[in-house]
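**Student:** Listed below, chain by chain, are the residues.
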Amino acid sequence: MPEQAPIEKEEYNITVYTENHVGLLNRIAMIFTRRKINIDSLNTSPSEIEGIHRFNIVINETEEVVSKIARQIEKQVEVLKVYYNTNEDVIWQEMALYKVPTDVIAEKAKVERLLRENGARVVVIRKDYTVFETTGHREETDNLIKVLQPFGLIEFVRSARIAIIKSSDGFNRKLREFERTEPGQEVVENEFLNSREKVFSM
Amino acid sequence: MLTQEKPAPALPETATVISGGQALLHALTVEGVDTIFGYPGGAIMPIYDALYDFEGDLKHVLVRHEQGGIHAGQGYARSSGKVGVVFATSGPGATNLVTGLADAQIDSTPLVCITGQVFAHLLGTDAFQEADVIGITTPVTKWNYQITDATEIPEVIAKAFHIARTGRPGPVLIDITKNAQLQKFSFQGYKRCDHIRSYRPKPIVRREYIEQAAALINSAKKPFVLWGQGVMLGSAEQEFKAFLEKTGIPAAWTIMGAGALPSDHPQNVGMLGMHGNYGPNVMTNECDVLIAIGMRFDDRVTGRLDKYAKQAQIIHLDIDPAEIDKNVKTTVPVWGDCKETLPLLTQLVEAKQHSEWLAKFREFEQKEIDAVIREELFPTSEEMTMGEVIQQLNELTKGEAIIVTDVGQHQMVACRYAKLNHTRSNITSGGLGTMGFALPAAIGAKFGAPNRTVVAVIGDGGVQMTIQELGTIMQSGVDVKILILNNQFLGMVRQWQELFHERRYSFVDITSPDYVQVAKGYGIPGKSINQREDLTGALQEMLAHPGSFLLEVMVTKENNVFPMVPQGCSVSEIRLK
Chain G
19 MPEQAPIEKE EYNITVYTEN HVGLLNRIAM IFTRRKINID SLNTSPSEIE GIHRFNIVIN
79 ETEEVVSKIA RQIEKQVEVL KVYYNTNEDV IWQEMALYKV PTDVIAEKAK VERLLRENGA
139 RVVVIRKDYT VFETTGHREE TDNLIKVLQP FGLIEFVRSA RIAIIKSSDG FNRKLREFER
199 TEPGQEVVEN EFLNSREKVF SM
Chain U
36 MLTQEKPAPA LPETATVISG GQALLHALTV EGVDTIFGYP GGAIMPIYDA LYDFEGDLKH
96 VLVRHEQGGI HAGQGYARSS GKVGVVFATS GPGATNLVTG LADAQIDSTP LVCITGQVFA
156 HLLGTDAFQE ADVIGITTPV TKWNYQITDA TEIPEVIAKA FHIARTGRPG PVLIDITKNA
216 QLQKFSFQGY KRCDHIRSYR PKPIVRREYI EQAAALINSA KKPFVLWGQG VMLGSAEQEF
276 KAFLEKTGIP AAWTIMGAGA LPSDHPQNVG MLGMHGNYGP NVMTNECDVL IAIGMRFDDR
336 VTGRLDKYAK QAQIIHLDID PAEIDKNVKT TVPVWGDCKE TLPLLTQLVE AKQHSEWLAK
396 FREFEQKEID AVIREELFPT SEEMTMGEVI QQLNELTKGE AIIVTDVGQH QMVACRYAKL
456 NHTRSNITSG GLGTMGFALP AAIGAKFGAP NRTVVAVIGD GGVQMTIQEL GTIMQSGVDV
516 KILILNNQFL GMVRQWQELF HERRYSFVDI TSPDYVQVAK GYGIPGKSIN QREDLTGALQ
576 EMLAHPGSFL LEVMVTKENN VFPMVPQGCS VSEIRLK
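Chains as they are written, first to last, in our numbering: chain G, 19 to 220; chain U, 36 to 612.
No lab work stands behind these hints, which were simulated from the structure alone. Glycine included, C-beta positions come from ideal geometry on N, C-alpha and C. Mixed in with the good hints there might be a few duds.
[Stated by the list, open to error] To give an idea of the chain U side of the interface with chain G (calculated C-beta under 7 Å), a few residues:
1. 169
2. 173
3. 198
4. 225
5. 233
6. 234
7. 357
Isolated chain U, as found in the complex (with noise of 0.2 Å):
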């Protein structure tokens, strides 16, 4: 992972005496952090008194929710490839932090969350604002501890980060009792970790499972690729794209590994999955050889197991080897960081072109450009579409923006559609599907890639369930672009509601304030349009505006989001309508 060092500042050489506080954001500066998103509260309050004097070195988001807190941190880490940093107290403080905590252990996110925590002789009394943070937090965080004694501050960060940002990255909590914040003690300076003796984050590679791979992938007559975000997490995009290129296969995506290839890359066949493209889903059932790599086989993607590319052989490239084999049974093995398997692959295998086979994938799409996307992104209807609202979007953006999405029909369409032309462009809940995900998200990828459009794609029910960071947005003075798609209706829901139950559209007619009045009340500029004449004007308008913007429009109520995969259906039963 891309963390930078930066000299430590202020804190001199030798033996100092300073507080548990003070040794914590001196670590924290050591590891590069530049931005920390969070809130205090009573049990933290040492640590947020010693950032007072950290100012220079350590930028503070004041967020308006924990959760706003944690999932900024991790729009932050998945725009800037660095570990998020978030900071919460006691108690309610650290238990807003779990959907988040879950949704960085499931999608992969390197964060280091600093949590406070009552003074060590009240764990277990019930004492005011505390919570068995510890054990709360073990299932969904991938390493958690809690420090009692100031003296252990400087190496558990360490080895926090380290825990963080290597192997497969994932969230790592640390409770730290109010005392030992409190507690001076002699610094002897900060280390990095870079070895934990039951810690192997990766294996040294095996020779003889590429040797396999590769003459799999030589004999192959229709190989195929799928990738995922694990490209990206190990900043392996050139040697994906180099062994494409010389392969000649064609690859699709799963939502979270969007970008790693650019859209308009001529193997780029599409994204994979429930809500994926025609030809990626029929295709996994028609290859001999299935090369996965950095992704998980999510059922999301897979659809129904039992008839998933049962007449492939299947190589999975992956870093985790709790993966190879969970899900899908593999015929090689790669395991190991992608980032040394590729260019070991990419030496053994045959330069081809598979040009007839990749032809079929596109024969297929020209199936789902006529029988879906076409009227999506350039409808004939009379009320606008998600689909032409992310088609004008990448027109007026050219692929350039950071596109953060939040969860439902608007996520799908806009994974769909969105032109990337870089990595660390798509940023959604992927795993945990957490609504609410893309206000706070997008407030964190632009601190972590301010030199970058970030524009925040939302619906109207998801909008509403993190709204409050508009606050946020208010104070910091960032810069999101929000466009609110709004369908009057809690869309994806409605949708299976429609197609397996019977049109009982039980609870997802959701109503919606006044945005643009809500955005003006956080001095944000903002509009809403209902007509299409209005929309490429409006988006514009939104682009341009140095700062924030929020922009609503009211799409077609009842579009349901195609090509589909019912749940319990196989990939090859793919629905176009």
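This is chain G alone, in the form it adopts within the complex (with noise of 0.2 Å):
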């Protein structure tokens, strides 16, 4: 065996899709928990099909330790399919808010200025403060929150990260073949062995 150089961890974006049911998130949790590895980022929601809920997860490790990790929560009983993917294949967001007090930004011209080129919005304006919401990587919400805080920046929040992925075609109309009764064999299929063609050296 040649001497492999050491393998360097990156961001991986974990997609889960699950059945709606109490104690799952719990159950998937803990397959990191026990690993001592750290959840970056977790956001859950329903999906686009009734009763089936997405997580997204974000973690910071090395591709050999996400297959496996992803393996192990597909394992569960209520968890539909998952998939993990780098940076490079998903494109993604995360929300954020900012509260400010309405007298700095209607007195400073420049906030306004500044907001535009943050892509920031207006959610709301009170008399004594104002809401802004802007979406973007973590280093564009990151940067508005440094051009905020000479401003009197009063609450700041930022959602958790959403991800879609750039080569889910079909991924709908294989998330409603679950809902059928029997699966048919493509969506049964485990996507680990359909990889595995590559490496075969026979």
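Fit the two chains together into the complex; they arrive one by one in their own frames, and the hints show the way.
**Tutor:** Structure below.
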């Protein structure tokens, strides 16, 4: 066996389709905590199919670890399907909300320009405060914090990451297949077996 | 899995108003459950109240501790192939199940555990005997669920049995709040579950992998089969034997796989792993194609992974895709139920003899006999060895008994040397290594296989961990032969301290009560021997006794189990002394 170079960790986006079941979040989270892996971002919400939920989980790990975790997650009874992708394979966004005093905003016209430059929108304007919203990658939402900090930023919140997989052709159809009692063979297949074709050296 | 259906008793076909507790017990009867191991308490009383009326259909074995209950359930499942059923109350009753759940999870034992829970309106209030049982048991169950409404009971219990016994089996825990047990509802009948949309117990076998595997096997000069418990869990013993006999490939077993092929089968070359046989360990790093069947490459089997079978092409047959490539990178992954994949493979492989290759294993075996086995089984030393006790036991049982072992030196010795003619004859805590497993597991094993002799081989450490289950034996009248191999040490830890910690014997010197007196207190006859000339007679007496019998054999204090693959070493660095 040739000496292998140390494998770098990188950010992976894990997408999990599940039943909507009490305790499943815990069951999935434990797969990470058991291996002392920190979850950097976790989003869970209903998918486009009623009764099926979608998790987006972001961790920083090696591909080998991520692939094993993905299989452990998929093994859970209420999990329908798991995919994992690097940042290059997904389009992703985070949303952030910023609360700043209205009087400062009103007085300083410069703020308006900064908000424009950062692609922020106004969600609420009240006498005492204004709430701005922006979406983007981490650096973009971080930038606006820096910008607003001198103007008396009152509160900030950022959502978890949501990500769309670039090569997700036919996802919706596959998901709908799960609703039928007997899913077709293609749906049943575990993806990792398909990608194994390349590895064979017979 | 073999679960016999039997007609449900008593309840009429049409909708009836019954309690949650009654619905649960009715469900159990339809699932073919005949024995429950349990312990009552406040939060499970409505179920026990209903059980009073099910006496003819469901036998309840009152254990002395919930851990004993779940290990008994495991023993029952392992000897019978059916789902073990365990009852416990809320709080401490449920938390006492945790060790057994973890054990069943890692050893893939099908269980359905029912725990009582406080009233739904008290959940989260720190009520008396309330514990977050779902939270606590999530990492050690294949599935768990809390029922707070009686109408959920039929469907959830059906799912529980389906999940426990299909795919890679495992423990399921259902927590039922007291109000749901009491609640009367309109029972519409019980339907067994055979499908859950998000759960795929086994895949459709992919032909191309079978073909690739067969091609590799056909071209192999030095093929080697490793098998595990999966062969038994898949009830594929016959299919496995047919595959082996056609291919002529030597085969070795993990501790969990022992017995799936009879000990004296000419292609059975012995045990793998840390205290396995010499040949199988060395040859793992010599073979050209390694065929792993229903095993998971545990670290106790592989030793140092980066020096494990690197020269070999690896074929892995497993029903759990998470096991494929987990520890050992596979050349051909044959994902599927080995009951289906093995016959497909057998069709495509060429009939062969690997006599020369097999003979090499026998050469190593001879070395092991000369260096280790002869002295262990037929010692010239004054004091008795554990090996000679097992050897004598083999002579008397002729390999027909179920051997239940605890954890430690005696476990390794018993698994190495016990003769097993039949499948489901070796019951041990393999993955978790739970001391205290054997005595209760033997009780369960006997209930699961009432026509077979069950011998619990236990060390002086492990027996003291669950010795209270002698009370279960006393009350139920179950016939279990208890063979204590007493070396007056926590022997395996002592062995490691001797070999790796400069003989600093830190807290391994353990005293024992007078086991014969203890057994007598429970109405169980017993005997203690320390002379070789008494051994055969005492074992005969134990086996011939109608009912349970405890035999303590004083063995030499500081024997080590060899061969041994020291931790962190490669399997080819196995030491004979």
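**Student:** Now tell me if each hint is right for this structure.
**Tutor:** Now for the hints, and whether the structure bears them out:
no.: 1; hint: 169; in the structure: 6 Å, holds
no.: 2; hint: 173; in the structure: 5 Å, holds
no.: 3; hint: 198; in the structure: 6 Å, holds
no.: 4; hint: 225; in the structure: 20 Å, violated
no.: 5; hint: 233; in the structure: 5 Å, holds
no.: 6; hint: 234; in the structure: 5 Å, holds
no.: 7; hint: 357; in the structure: 4 Å, holds
Checked against the numbered hints listed earlier, the structure breaks hint 4 alone; every other hint is satisfied.
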